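Novice: Here's the letter readout for the chains.
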Amino acid sequence: MNKLILKLAITAASGSLISFIPMAAQVSPTTHKAARVRIIQGPELELVKEYLTIIRWTTNNPGGSPEHYGIVHYGIDPKNLSQTAKSPIRLNPDHASTIFRVRLEDLKPGTTYYYTVGSMEANGTDDGTKSAIKQFSTPGESQRAGR
Amino acid sequence: MKRARLFGMLILFAAGIGALLLFPHIGGAQTSRRGTPAPPYNPYPPGILPPDLTSEIARVRSEVASIENEALAEWAGLPPPTLTGQPPTLQGTGQRANQLLGKLMNFDENISPFKNRACGFCHMPYAGFSGPIASVNLTMVAYPGSYEFRAGKRTAQRYTYAPFFPVLNYNETQGLFFGGNFWDSRATGYLLGSPDAEQAQHPPVDTQEHALPDTACIAFRLTTAAYRPLFETVWGAGSLNINFPQNAETICDTPGGASQFGGSATPINLTAEDRTKANNVFDHWGNSLDQYEASPDVSAFSSKFDAYTKSKYTLTADEMAGMELFNGKGNCNSCHIDGRGTTATVLNPGFNPDHSKTADVTPKFTCFGSANEGLPLNPRDAIYYQNTPDFFGFTANPDGFGFRDLGMGSFLRGVAAPNPNSNWTPFAPATDGQFQVSSARNVAMTPSQCPTTEAGSTPYFQKGFFHNGYIKSLKQLVHFYNTRDVYPFNVTSGNCPAGTIEKVNCWPMPEVKNNIDMTTGKLGLTDKEEDQIVAFLQTLTDGFTRFYPDSDKFTGTCMTCNPATDPDCTPSRQGNRSLIQTPPLPACGSDICGVSPVPKPPIP
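If you read the sequences in order, they're chains X and Y. Just so you know, this note's numbering puts the end of the first sequence at 147, numbered straight through with nothing missing. Just so you know, this note's numbering puts the end of the second sequence at 1604, numbered straight through with nothing missing.
Don't take each hint at face value.
If we take Cβ atoms under 7 angstroms as the criterion, some of the chain X residues that face chain Y in the derived model are [unchecked claim]: (1) 48; (2) 51; (3) 65; (4) 82.
Residues from chain Y shown here face chain X by an in silico Cβ test under 10 angstroms; the list is partial [to be verified]: (5) 1318; (6) 1516; (7) 1517; (8) 1521.
Taking lysine to any residue pairs in the SDA-like style, the calculated list, with each CA pair at most 20 angstroms apart, reads [said to hold, decoys possible]: (9) Y:1115 / Y:1096; (10) Y:1115 / Y:1225; (11) Y:1115 / Y:1172; (12) Y:1600 / X:84; (13) X:49 / Y:1492; (14) Y:1513 / X:41; (15) Y:1553 / Y:1057; (16) Y:1600 / X:75; (17) Y:1513 / Y:1553; (18) X:33 / Y:1172; (19) Y:1310 / Y:1320; (20) Y:1329 / X:75; (21) X:79 / X:108; (22) X:49 / Y:1497; (23) X:49 / Y:1496; (24) X:130 / X:81; (25) Y:1522 / X:45; (26) Y:1522 / Y:1509; (27) Y:1522 / Y:1501; (28) X:49 / Y:1498; (29) X:108 / Y:1604; (30) X:108 / Y:1489; (31) X:49 / Y:1509; (32) X:108 / Y:1491.
Bear in mind the hints are in silico, worked out from the structure with no lab data behind them. This structure is a prediction, so every number in the text was calculated from the model and none was measured. No residue lacks a Cβ here, since even glycine has one placed at the ideal position from N, Cα and C.
Produce the complete structure using the sequences and hints provided.
Specialist: Structure below.
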């Protein structure tokens, strides 16, 4: 019973009691926009290669447009995150939380990058999340040669 | 009257079969301009065309003829509908007549210059109306057209449930495209209101498929079709009464793209009135084919899953586990929407997908959207080799390996096909690399003699998955979604580093890096969980609750291998022996990647 109450509480808190409007053509169902989108895990490095880095984080299900973009602002100066990478994901109306994952390509080897993450709906509406500035370093040339 | 028509039809069948036996290449001789031989177009290096291609083409053509003859017999036995009421309606058998007309046209080889290709040639029922030749699916991916061996660039997409896709539209609120048909959504439905109907209009005049040089050739060929009376019953007496010039046959015998046409899309000289009539016939061609594809003959809703939603079938433990993974950890239903589990209830407040009410009793297992899943370039694809002129002076792909398939992006730029809505063009960079999210239904359908798509100890039917056929089994498909970003390598296909196995623990780089969907790529599924999702996908095959029409027409041979002696005889490594090295890739052709609005970031 306690587990049941806990699940209800989590569901309600995440703002993701699901609503589905049956549509004739069954296009992507939308989820009610969450009252507040918050990062509940991460951001963290999923993969760091010489040519590719993937950053991931988890939020409560933000709802809204079925497609969202994870956004990473990054750069080599923590005060000037001038570059942007964004990757699309599809929301699953059935899931309480959403994992965002963003690909950063064509990075320089042996370089430290600073970044923050956020997300938005496909129509450009910001989800209102923004992480603190974090950092990572790409493997150097010598590491690459050894692989 | 009915008996007389039946008798006439029987004579026609007998004559047709007799002719086929006596002249096995009837209609297939590749000649042009009345007798000029057209040598096969073969720009392919050794090993690109499968060795059994000629015999397999003959096999499928025979199956196509068989289905056509049975459809003719069904028409002969169909009571004529009665045109009545206001608006006039074909009362009684009108709907079946229209569906049957679509079926007859779908399996009519005469709708091609050399009278050797029907739509069904690339879309056979036993393969879920996708590619019927295992060796083609394993190798060249695209199917050879009427002028052999021109070929397209993508796998033959399944017909099933295609009619349910809405007219392509950009939803400004959602910031997304929905609908359309074809991998790149270029059949928008903007004119006929049905993407599926407009899809049916493309292959007959596609230079690498049926290759008719003029849409009016369809009307021209229908004037001599055995089922012409049915066409006129459905679409009106006189609808095929068009005054064609004497050279119409010569023109329609010549494949599209031939230099002699000088780029004209209407080489048949018709009066304005007759051109309008021919255009109407072309539209009706699409309409009737759409109705066939929407009918239970094609989109049947007769799978185990459908039985399950009616409590007529109990999923096995693995199938049930697969469905829960499909909805849960695998996240497949974020795009392949299954209509289940979208309502959390008080009794079941969690998100266990199978304890809530069914939201849609006929889910289509697609979101009708598009995505770039990051498939590697498949160097076996026939398109890369067609960079020299053929006998008719046509070159399908001047870019050779500089061709990049940008999918919907190329369509929105008007590169792959004309774009009927210029407001969509600015969205091209955001859709580069995106391909339609096909319905997952019938992804596993195979001929009954070859009961699976997966290599192993039982006979199997080789299919090719995704738009470029790079993936060769459902296990690989799920493993790709599961591990694309776990085993990424900055190499092209055929060049995985020593110590790795391509598609097992090495995924070559995406052909198009822009807009890669990151919903999947690292799902954390175990090997067993991957298999369970495959088991669930196999429940989506029509033909469980009732016979799937024409699914018994396969006359070929299943593929077999011995897992005890062949390390590639597993679903994980299936087809790996056919991998070839991708050559060093030249830059993307300027006619593709240099067209405004150019891809962002640039595509190398």
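Novice: A separate judgement is required for each hint: does it hold in the structure or not?
Specialist: Hints, one by one, checked against the model:
no.	hint	in the structure
1	48	11 angstroms, violated
2	51	5 angstroms, holds
3	65	5 angstroms, holds
4	82	15 angstroms, violated
5	1318	21 angstroms, violated
6	1516	6 angstroms, holds
7	1517	6 angstroms, holds
8	1521	7 angstroms, holds
9	Y:1115 / Y:1096	26 angstroms, violated
10	Y:1115 / Y:1225	12 angstroms, holds
11	Y:1115 / Y:1172	45 angstroms, violated
12	Y:1600 / X:84	12 angstroms, holds
13	X:49 / Y:1492	17 angstroms, holds
14	Y:1513 / X:41	27 angstroms, violated
15	Y:1553 / Y:1057	15 angstroms, holds
16	Y:1600 / X:75	19 angstroms, holds
17	Y:1513 / Y:1553	41 angstroms, violated
18	X:33 / Y:1172	17 angstroms, holds
19	Y:1310 / Y:1320	15 angstroms, holds
20	Y:1329 / X:75	33 angstroms, violated
21	X:79 / X:108	19 angstroms, holds
22	X:49 / Y:1497	15 angstroms, holds
23	X:49 / Y:1496	16 angstroms, holds
24	X:130 / X:81	13 angstroms, holds
25	Y:1522 / X:45	13 angstroms, holds
26	Y:1522 / Y:1509	15 angstroms, holds
27	Y:1522 / Y:1501	18 angstroms, holds
28	X:49 / Y:1498	18 angstroms, holds
29	X:108 / Y:1604	18 angstroms, holds
30	X:108 / Y:1489	17 angstroms, holds
31	X:49 / Y:1509	13 angstroms, holds
32	X:108 / Y:1491	18 angstroms, holds
The structure is inconsistent with the numbered hints 1, 4, 5, 9, 11, 14, 17 and 20, although it conforms to all the rest.
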